[in-house]
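> Residues per chain are reported as follows:
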Amino acid sequence: MDSVKIVNLTKRFGENTVLSHFDESFHEGEFVTLLGPSGCGKTTMLRILAGFEKPTEGEVYIGGVLVTGPKTFVPPEKRRIGMVFQSYAVWPHMNVWQNVAYPLQIQKLSKDETNQKVARALEMTHLTQYACRTPDSLSGGQQQRVALARALVGSPSLLLLDEPLSNLDAKLRESMRYEIKEIQQALGMTVVYVTHDRTEAMAMSDRILLINGGVVQQSGTPREIYNRPVNPFVADFLGRVDFFRGEIRNGRVFFEEMGGQSIPCKEERTGPADVAVRPENVVLRDDGPIEGKIESLFYLGDVTDLRVRAGDALIRLTAPGSLIDEVKPGHPVRLDFKNCLYFDKGTASEEALGIKT
Amino acid sequence: MKRTDRLPGAKSKAPLITKIALALLFFAGAALLFMGQRGREDFSRSEYSTEDAYRTIYALSRHTDALWENVFKGDFASLGEEEKDLRALCASLASSLWDRQAEGGASRISDIFEKEDSEDVCKLLYPAYLVNPPKKINPSNRKLIVSVPEKEQREFRLRLLRCALDDTLPLPEEAAAAVGDSTGSDRQALLMLSYFISANKDAVGEDVQAFKQSVRAKGAQLTAFEEIARGKFNPFRQFVVTHASAVMLLGAMTMADVILLFAFMLSEKLWKFDVKWLLMLLVVDFLVFFQLLPLLVMLWRVFSVDGAFSFDNLKSIYTDKINLEALKNTLIAAFSTMVLGTLIAFPLAFLVGRTNLYGKKLFRTLFVLTYMVPPYVGAMAWLRLLNPNVGSVNVLLRGIFSLGDTPGPLNVYTLPGLVWVLTTFYYPYAFITISRAMEKMDPSLEEASRVSGASPFMTVLKVTLPMMTPSLAAGALLVFVAAASCYGIPSIVGIPGSVHTVTTRIVEYGQVRIDDATALSVFLLAVSLIFLLLSDLIPAKKKYITVSGKSVTPTVVDLRAWRVPLTAAVGLFGVLVALVPFATILTTSLKTDIGKSVFTAGNFTFDNWKAAFTDRETPMCLTNSLVYAAVAATVGMVFSCTMGYLNVRTQLKGRSIPAFLIALGSGTPSVVIALSLIMTMTGNFGVDIHDTATILIVAYMIKYMMMGMRTVVSAMSQIHVSLEESSRISGAGWFTTMRRVTVPLIFPSVAAGWFLIFIPSFYELSMTTMLKSAATKTVGFKLYEYWTVTSQQMSCTLAFGILLIVVLLNLLLSRLTKGRFSI
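These protein sequences, in sequence, are chains A and B.
1 is the number of the first residue of the first sequence in our numbering; add one for each residue after it.
1 is the number of the first residue of the second sequence in our numbering; add one for each residue after it.
Restraint-style ranges between C-beta atoms, simulated for each label pair: (1) A774/B <-> G14/A: 58 to 66 Å; (2) G14/A <-> L296/B: 30 to 38 Å; (3) H93/A <-> A21/B: 36 to 44 Å; (4) G14/A <-> L24/B: 28 to 36 Å; (5) L25/B <-> G14/A: 25 to 33 Å; (6) M458/B <-> P37/A: 44 to 52 Å; (7) H93/A <-> F309/B: 51 to 59 Å; (8) L24/B <-> H21/A: 39 to 47 Å.
Source of the hints: derived by calculation from the structure; they are not laboratory data.
By construction, the Cβ of each residue, glycine as well, lies at the ideal position given by its N, Cα and C atoms.
Given only the sequences and the hints, what does the whole structure look like? Please build it.
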C-alpha cells in the first residue's frame with residue numbers, strides 16, 4: 001500500500017502557481033527527497049502533507065486515508081505524523097524531556113509508557129544525558145536532535161523533514177545525515193525530506209523528486225537522475241556540468257564553439273543538440289579527439305580543477321591532485337568526453353536553467 | 001470548525017447566502033436606526049418630560065391590562081343587560097374627571113369612544129381613579145371594603161356596580177361608610193372607587209408613586225391614561241422610546257460593521273464570513289464609540305456654528321487673553337523642555353550605554369525609574385525644594401551666599417520653574433529612545449570609522465551622532481508631546497504662580513465654558529498628533545539604524561582621565577533628579593511644621609501618616625484606584641491579546657484598523673480624552689456613564705492600552721510560528737497548543753503589558769480630575785485634593801504611599817516575569 005498518495009494537486013497563492021498538477025505516490029518505508037532551488041514549491045508540498053496549507057485543487061492520502069480533498073480536511077494534529085522544522089522549533093519553556101514527551105502527553109499515554117518511549121527516543125538521538133537541560137543550553141545540533149526525537153517519539157509511519165540540517169555547520173551536517181538515515185532504516189517509516197542541497201539528497205534518498213517552478217522535473221533513484229537527467233535543468237542542478245552547442249551527424253557530434261572539433265557518439269538522433277558534459281567525465285588523453293590549451297588550474301588537494309580553452313569554449317575538468325606539478329597554464333592538452341548527455345537544441349539556455357545573470 | 005469551504009472547486013451557494021445575510025443585517029441596522037429615530041420623535045412630541053415616564057406608564061399599563069383580563073371583564077359580563085349602562089356610566093365619570101383636570105377633557109373622552117372599542121373605558125377609568133381619585137376614601141373605610149371575605153368578594157363587587165347604576169338599591173354594609181351620604185355622580189364615583197379598591201387589594205403603590213413622580217403635568221397624565229386604555233404599550237415600544245438613543249446607536253453600529261465586513265470581503269474576493277472578524281469588530285466598535293466618536297463630536301462642536309462649517313469657535317483661543325497666554329506658555333514650556341531634555345538625554349545615553357562609566361547599570365535603572373513615578377509627585381517635590389520662601393534649596397542658597405531673608409533666589413512658580421520640573425520628568429522619554437537606538441546600532445559601522453583613522457571622539461561626532469539623529473529627533477518630539485499634554489505638573493507648579501497652560505485651562509473650563517475647553521482641546525490634539533506623526537515619519541524616512549539579527553556588543557569608549565569626573569557628574573545629576581525629590585516627599589510627610597527642617601526638635605511626626613490612613617475616604621479611594629486600574633488592565637489586555645494575535649498570526653483583512661485606533665488613543669492628550677468623553681457619554685448617544693466608574697475605566701483603557709498591545713505584539717512576533725506548528729503536528733489541537741505552547745511563552749509579556757496599563761491607571765490624575773464623581777474618587781485625585789485643600793504634608797504622605805505601591809508592583813512584575821520585565 002502507498003504510504004502517501006498525492007493526486008493532481010495544484011496550489012496557487014493568488015495569481016502565483018506554486019505547485020501544478022502534482023501526481024505522486026510514496027510507498028511504505030521509502031525515503032523520498034523533494035529537491036529543488038528555493039521557491040520551487042517543495043516546502044509548500046511538505047506543508048500541504050502536514051496540513052498547514054490547503055491545496056487549491058487535488059487530494060492527499062496518507063496511509064490510504066483521504067486527508068485533504070475538496071470536501072475533506074484533516075487538521076495537522078489528527079494526521080499522526082512526525083515533523084522536524086528548519087528552525088528546530090524546540091519549545092524554550094520546556095526542558096528536553098518535556099519537549100520530547102509532549103506528543104505522548106497529548107495522546108494521554110500512561111506514565112510508564114511515556115517514560116519508556118521518551119527514553120528510547122532520547123537514546124536513539126544520543127540525548128539521554130541532556131534530558132533535564134533547557135533548550136537554550138543546547139547547541140544547534142543538540143536542538144536538532146531534540147526536534148528529531150520529538151518527531152519520532154510517537155512512532156509515526158510518516159516523518160516530514162523540512163531542511164533540517166541547513167542551520168548546522170558542515171561537519172555536523174554530514175554526521176546527522178547518516179544518523180537520520182540509520183534511524184529511518186531501523187524504524188522503517190516513510191520519510192519525506194525537503195532540501196536544496198543535492199549532496200544531502202543523493203546521500204540519503206531512495207528516490208529524489210527534483211522540482212522546479214512547481215513541477216516535478218524528474219523522479220527517480222539518485223543514480224537514475226544523476227546519470228540520465230531528462231532535461232538540462234536536472235543535469236545542471238544535480239552536479240557540475242558544461243553545456244556546448246553541437247550538431248550530430250554521421251555518428252559524430254561536432255562542437256560549434258570548439259571550431260568544429262568532434263567526438264564519436266552513439267546517439268540515434270541527428271541534427272543540432274545541446275550537449276552536456278560533467279567535469280569528471282572529461283579525461284586528459286594524449287590521443288583525445290579534442291585539442292585545447294590549459295587556461296587555469298586550481299589545486300584542491302585531492303583533485304585539481306582545470307579549465308581548458310578549446311576554440312571559444314571553456315571546458316572544466318577534474319584531474320588528480322598531483323597534476324598541478326606537471327602542467328602550467330598555456331600547456332596544450334588533448335581531451336576526450338565520456339557519457340555525454342544530449343538535449344534538444346536551445347533547452348540549455350541560461351533562462352531554462354534558472355541562472356540569474 | 002468547517003474547514004472545507006475554503007477549498008475552491010467545491011462550488012457552493014455560500015457567496016450568495018453571505019451576501020444576502022449581509023444585506024439583511026444591513027437593513028436590520030437601518031431598521032433599528034429608523035425605529036430609534038421614530039422613538040426619539042415620539043418622545044419629543046409626547047408631553048412627558050422624562051424617558052422614565054415611559055417606564056412607569058408601561059408598568060401601570062401592564063397592571064391595568066392584567067386586571068381587565070382577570071377581574072373587570074368577568075364582572076362586567078355578569079351584569080348582563082346592565083353592562084351597557086355601566087359603560088355609559090364609566091364614560092360619564094371619566095369625562096367629568098377629565099373636564100376637571102384639563103381643558104376639553106370631555107371631548108377627548110368622546111373621541112376615544114367614537115374611535116376605540118368601548119371596553120377600554122374601564123381600563124381608562126381604573127388608572128385615572130388610582131392615580132387621581134375624584135373623592136377620597138379614608139383608610140378606615142378602605143379597611144372595611146378590603147375586609148370582605150374572599151368568598152363573598154365577587155358578589156360584593158357586583159353589588160357595588162349595581163348600586164352605582166341604580167341609586168335606589170341599598171348599599172352593602174362594608175361600603176356604606178365610604179359612600180356616606182353623598183348622592184348623584186359623587187355617589188357613583190365613590191362606588192366605582194370602592195369597586196376598584198375591592199378588585200385590587202394588592203398594593204400597586206410603588207407603580208402609582210413612580211407614575212405620579214415622573215408624569216406630573218395633568219395633561220400628560222390624561223394622555224398617559226388614554227394610551228393605557230388603548231393598550232398601546234408593549235415592551236418593545238417602551239424599550240424603543242426609553243432607549244431611543246441606544247437603539248439608534250445599535251442600528252448605526254450594525255450598519256457600519258456591515259459596511260466594513262462588505263469592504264473586507266470585497267477586497268478578499270471571498271464571500272465568506274470569518275469568525276475572527278467578529279472578534280475584531282467588537283474591539284473596533286468599542287474604540288469607535290468610546291474614542292473616535294467623542295473626538296469627532298468634539299471636532300464637530302468646534303468647527304460648526306449653527307450647523308455650518310466655521311472657524312469662529314477657534315477665535316476664543318486667541319481673543320481671550322488668558323487662553324492666548326496659556327497657549328504661549330504651553331508652546332514655550334514644551335519646546336524648552338524638548339531642547340533641555342534632549343540635551344540632557346543624549347550625553348547620558350551615550351555615557352551610560354557606550355562608555356566605561358562606573359555604575360552604568362545603576363544609573364540606567366535610576367534614569368528609567370522616573371518613568372513610573374506619577375509626574376505630579378515630582379512636581380510636589382520640586383515645589384518643596386524651590387519654593388521662593390521656604391524651599392530647601394533656596395534656604396540652602398541663602399545660607400551659602402548670605403542673601404538675608406528675601407524670597408528666592410530661585411522661584412519654581414514661574415515658566416522656567418515649570419520647564420525645569422517638566423524636564424526632570426520627561427527627559428527619560430528621550431533617554432530611553434536614544435539608548436535603545438544606541439544598543440541596536442551595528443558596532444561595525446563605528447569600527448569602520450576607527451579603522452579609517454578617526455579617533456573615538458571623532459567617531460562619535462562624525463558617525464554615531466549623525467546616525468542617531470532620527471532617534472534623537474523622535475525622542476525629542478516625544479518629549480515635546482508629553483510636556484505639552486501634561487496636566488499634573490502645571491496644575492501644581494503653574495497655577496499658584498498664574499502660569500497657565502492649555503491643559504490647566506481645559507480642566508478648569510471643564511464643564512463650565514465647554515466651548516473654550518473644546519477649542520483648546522482641538523488645538524492640543526492637533527499639536528500632539530502632528531508631532532507624533534512626525535516622530536514616526538523621521539526614522540522611517542532615514543533608515544540609518546541597521547539592526548542585525550545577532551546580539552551585538554557595541555564597542556565601549558574608554559573615558560580614561562574623564563572617567564571619574566564624568567561618573568561624579570552623572571551621579572550628581574541622578575541624585576538631583578531622582579533621590580532628592582523622593583527624599584523630600586518622604587521628609588515632608590513626616591513634618592509638623594512644613595517650614596522647618598524635619599530634624600528640628602519636635603517637628604518629626606507620624607501624625608500625617610495616621611491622618612491619611614484613618615481618613616474615611618482613603619480606603620475608598622485606594623479600593624477605587626486598584627479596582628479601576630485592574631479592570632482597565634484586564635479588559636485592555638484581553639483586547640490587546642486579541643489584536644496582537646490577529647495582527648501577528650493572521651492575514652485577516654482590516655486587522656490594522658484597531659491597531660491604528662489604539663495608537664491614536666495613546667497619542668491623544670489625557671485631558672482631551674476626558675473632555676470628549678464628558679461631552680458624549682451623558683446619554684445623548686445612547687450610553688450614559690458620566691459620574692460612573694465605567695467612564696474612568698474606559699478613559700484609562702483608551703490612553704494606556706497601547707502599552708499592552710505593543711508588548712503582546714512584540715512577544716508574539718518573537719515566537720516563531722513553527723513552535724506552534726510543531727505542537728499541532730505532535731497531535732495537539734488549536735486550544736491545547738494555545739494552552740501549552742503559546743500562552744506559556746507569551747505569559748511574561750502579557751503580565752508586563754497588564755502592569756504597564758495598571759500602573760499609570762492606578763495613579764492617573766488628569767482624566768480622573770475631570771471624570772470622577774464623589775463616589776469614584778481615586779488616590780491620584782485624593783492626593784490632589786489634599787494638596788489643594790488640606791495640607792501638603794498629607795499630600796506627600798499619600799504620594800509616598802503611592803510610590804511604595806508602584807515600587808512593590810514593579811518588584812512583583814519583575815518576579816512574575818523572572819526579571820525579564822520591569823518598568
